[in-house]
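Number of protein chains: 2
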Amino acid sequence: MKLYDLELSGNCYKVRLFCALNQIPLEICPVDYLAGEHKSTAYLALNPLGEIPLLADDGFLIRDSQAILIYLAQKYQLIQWWPQDPKHQGLVSQWLSFAANDIARGPNDARLHDLFGIELDVASARHKARSCAKILDEHLHMHHWLVGDTPTLADIACYPYMALMHQGGVRGEAYPHLTRWMNEMKHLDGFITMPGIE
Amino acid sequence: MKLYDLELSGNCYKVRLFCALNQIPLEICPVDYLAGEHKSTAYLALNPLGEIPLLADDGFLIRDSQAILIYLAQKYQLIQWWPQDPKHQGLVSQWLSFAANDIARGPNDARLHDLFGIELDVASARHKARSCAKILDEHLHMHHWLVGDTPTLADIACYPYMALMHQGGVRGEAYPHLTRWMNEMKHLDGFITMPGIE
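If you're matching them up, the sequences are chains E and S in order.
Numbering follows the UniProt record's numbering, in which position 77 of the first sequence is assigned residue number 77; successive positions increment by one, without gaps.
Numbering follows the UniProt record's numbering, in which position 70 of the second sequence is assigned residue number 70; successive positions increment by one, without gaps.
Worth flagging that the hints you see were computed from the coordinates, not collected in a lab.
Among the clues, some could well be false.
Because identical chains cannot be distinguished in the list, a pair is counted as satisfied if it fits within a single copy or across any two copies.
Stated by the list, open to error - For lysine-lysine, the following DSS-like pairs were computed, each having C-alpha atoms within a straight-line distance of at most 30 Å:
| # | residue 1 | residue 2 |
| --- | --- | --- |
| 1 | K186 | K39 |
| 2 | K87 | K39 |
| 3 | K134 | K87 |
| 4 | K87 | K75 |
Same shape as in the complex, but just chain E (with noise of 0.2 Å):
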């Protein structure tokens, strides 16, 4: 299985540590992204959004980190990370639509802007990571982990960008419970790291 994958990009880390956690064999083809291979003709025959990560199993192409983390977690039978019970399955992927959506216009937004140059309303950005910071924190304070007893898939899809939210001017400790929380899943076994992630 080939991670099409950018080693700065918390959305590819996403994929890396879930394989690490489940052992699952992955094969890393890095894309130059700085020389913008994203948006040559031959990576958009493979993912027409030209984003980063892209899965490709055998011929089989999922784009979109979120969507990748499902169909591995489907494919191995990881029910444990991927709930088949639907309170459980709907609760999770309530989380992966908050790393969709308001992580990547919040922390995400705020990085791209101070450490890679881009163009956005970085105050808005900044606005909204705390505001995701808040909303997780007090999610946190009254649960271990962000579904269930164990961590989920909504755990491995929010947390990289909340571990990576000071590169983009925004820092956890003023939230006690999601940085608890950071800490623990650093002690998941297998756990990886990135950089920007001590």
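Starting from the structure of chain E, add chain S where the hints point.
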């Protein structure tokens, strides 16, 4: 089952449409958006994100239109809408993220600006709307439905804001395959409409 609903919301319409197509009874509980009821203390206690839709199923609360669709499909085992094999489930998820992210920041944002006077970068939103339309048009040139041979949650999630795109200043006529698909959605047994979709 109670849906906290706003008639003019395409996200709420996703849930109403899916329930109508599958004869799932739904008690509609209108939320007074203009009066800011979604930001009231009472509503925030139900959904800390202050967003609509929200589904309440006998005390179980779930927010986010994509997550609600997954919950309902999994609960009623509507596996034609939410396939259980990893590849099809992954591909449907890929389009759910497209709805939660790309479509939300494109046609949805442009409509929020034009119809509700929300301040945002409308030129960027219209540009993203055209990009969404192009991606979908090219995909639907090669595929009858977004995933597989029958409509799935992917179609339900992507349809509303594409059908409402004209309310954000972008016409759909230039995209013949997208137009064909939107017409076929309207011919599904049990289809219901919403204001703005003729």
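Quick rundown of the hints versus the structure:
1. Proximity of K186 and K39 under a CA criterion of 30 Å is satisfied in neither setting, with 33 Å inside one chain copy and 35 Å between copies.
2. In the homo-oligomer, the alpha carbons of K87 and K39 lie at most 30 Å apart only across protomers (25 Å), although the nearest pairing inside one protomer, at 39 Å, exceeds that limit.
3. Taking the closest pair of Cα atoms, K134 and K87 come within 30 Å of each other only inside a single copy of the chain (24 Å); across copies the shortest separation is 35 Å, beyond that limit.
4. With identical chains, the CA atoms of K87 and K75 are at most 30 Å apart both within one copy (20 Å) and between copies (8 Å).
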